[in-house]
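S.K.: With the hints as your guide, set chain B onto chain A.
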Amino acid sequence: MDNPDFKQLMNGDIDAYSGLYKEYYKRFYNYGRKFTTNIHLIEDSIQEVFLDLWKRRDKLSHVDAPNYYLYSSFRYVLIKKIRQHDKIVFNQSAEEAYEFSSEHVIVSNELNEELQNKLQKAIKTLTGRQLEAIFLMYYEGLSYKEVAAILNISVKATYKIMARSLSALKEKFTILLLLFEYLLLVKIF
Amino acid sequence: MNKKSITYKYVDYKESDFLSDAYFQEWVYQPSADLDAFWQQVIAALPQQKETIENARLYLQNISFVTHTPSDEAIANSWEKQLQLIQAIPERRSGVRRLLLRAAAVVAGALLLAGGWYLLQQKGAEQFIASTGFGEIKQVLLPDGSKVDLNANSKITYSKREVWLEGEALFNVAHNNKEFLVHTKDLTVTVLGTIFDIRQRRRKTEIVLQSGKIKLSFASGKEQDIIMTPGQIVSYNDQEKRSKTSSTSPEKFSAWKNQRLILQDPTVSDILVYLEDNFGKKIIMEDPALSNRTVNGPILISSLDDALFVLSTVLNTEVVKRDSTTIIMRSRSSK
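From first to last, the protein sequence lines stand for chains A and B.
Heads up: the first sequence begins at 49 in my numbering, then just goes up one per residue.
Heads up: the second sequence begins at 28 in my numbering, then just goes up one per residue.
One chain only, chain A, in its complex shape:
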């Protein structure tokens, strides 16, 4: 992500900072609400993440993926706050999992009723992390590697294997394509 505001922020530009803050406020509010309805915890987390960002603004040149940096910080701080809060208010154990719930998923009503029902069922079998991965990758524009790092899941070996076999396939296709073109040429001339 090449956010110009991020570069300006490193120079202490308060207007750039304001722009960045307001943009991410919307995103993190939306993201945070998937974990909790307590908007105070979300607000406090955003304040904390950004205050820390401002304090370290002159050291940000090391951060090559600001978007990822912000998302992972926000998620970490928010989950921590939800845990503390629940522990105090509900006396809940710290082991409680905080995950996306399938209630935030909307099924398009363009599907027919039968498919809608099947889809609802399929969604219920997905874990919160799987839903969150879809959300982060396809709605928030993070890469698979970044999502894996945020959710603390290893970049699966199978994924790497598939990528490799894919390049092998690609080579075969190229050869085929060349052959095809060659045959065409022969035919024309």
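Calculated directly from the structure, the hints in this document are not laboratory data.
Small disclaimer: the values here were computed from a predicted structure and weren't measured.
List of simulated lysine-lysine pairs, BS3-like, C-alpha gap at most 27 Å:
#1 Lys182/B x Lys70/A
#2 Lys70/A x Lys174/B
#3 Lys107/A x Lys165/B
#4 Lys103/A x Lys284/B
#5 Lys55/A x Lys108/B
#6 Lys103/A x Lys174/B
#7 Lys41/B x Lys193/A
#8 Lys36/B x Lys166/A
#9 Lys41/B x Lys169/A
#10 Lys174/B x Lys55/A
#11 Lys187/B x Lys55/A
#12 Lys172/A x Lys41/B
#13 Lys108/B x Lys82/A
#14 Lys36/B x Lys169/A
#15 Lys77/B x Lys169/A
#16 Lys108/B x Lys129/A
#17 Lys187/B x Lys70/A
#18 Lys77/B x Lys166/A
#19 Lys70/A x Lys165/B
#20 Lys41/B x Lys166/A
#21 Lys172/A x Lys36/B
#22 Lys172/A x Lys77/B
#23 Lys187/B x Lys103/A
#24 Lys108/B x Lys74/A
#25 Lys165/B x Lys103/A
#26 Lys108/B x Lys70/A
M.R.: For chain B alone, kept in the frame of chain A given last:
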């Protein structure tokens, strides 16, 4: 490459397995020729899975997430809070760095001119508020690079180069070709890059100029504008509606910035009034004779207790806390 091993993985896949498969998701959401080729290959190898794959694909295309949107007001409020937080961060300055900073100040002056111009280009004059509670001092950085030290129990409302003050603040105004305005309820100070202190308490406003040049204009319209020079103090009383100009030591007047109170030949009651304004407590001196005594020398005002300790040592009094809001100073000798 072993085609079987790739496709084998998908033999027993159900729709939900495909839904949660990162590689499958990528094909649906960010398709490319490579991904297409791969999945066509899988379908060709596993024709029995064709319907499942097509359904899974349809599913992914038909789900989305509930969007929670904060109100514009919530965003604006949050930003204002953040701005106050970052302004409350104390400046980190080591002794060695201070020298470097002084050298850098010349360069900074030039940059501020450029920076100020840049900020002026930005649309909309947003208003911000910074305030201090009793016994609290805070430094506020204005958007144009000017610095304001806010004394206890004070409040400023500000936009780019205009400030409304209640209480006391020391201004270090960044040079800029645009005028800088400070308003109190009785008067307006117009500035072109300078350091000055305004103390507006009860019925009185006092302005002390440390360096540079400022112009005072009075809200009543009866007084003439005053152009101040460094070392001058102008005090205005809203009862008499008249101003008085004399000379003073600006450093002493603004010593509060370093947690010291230095007034010019102050009586005990002058000091107590100051402490009341800055710490929010009513202080009663039982012995009226002591109230009129003059106490010279700096008084440590890092806290009300510190200040009262110094005073009661000098005056030989004891400090009695009557209730949460009232403090009595009682003479030891009279006991």
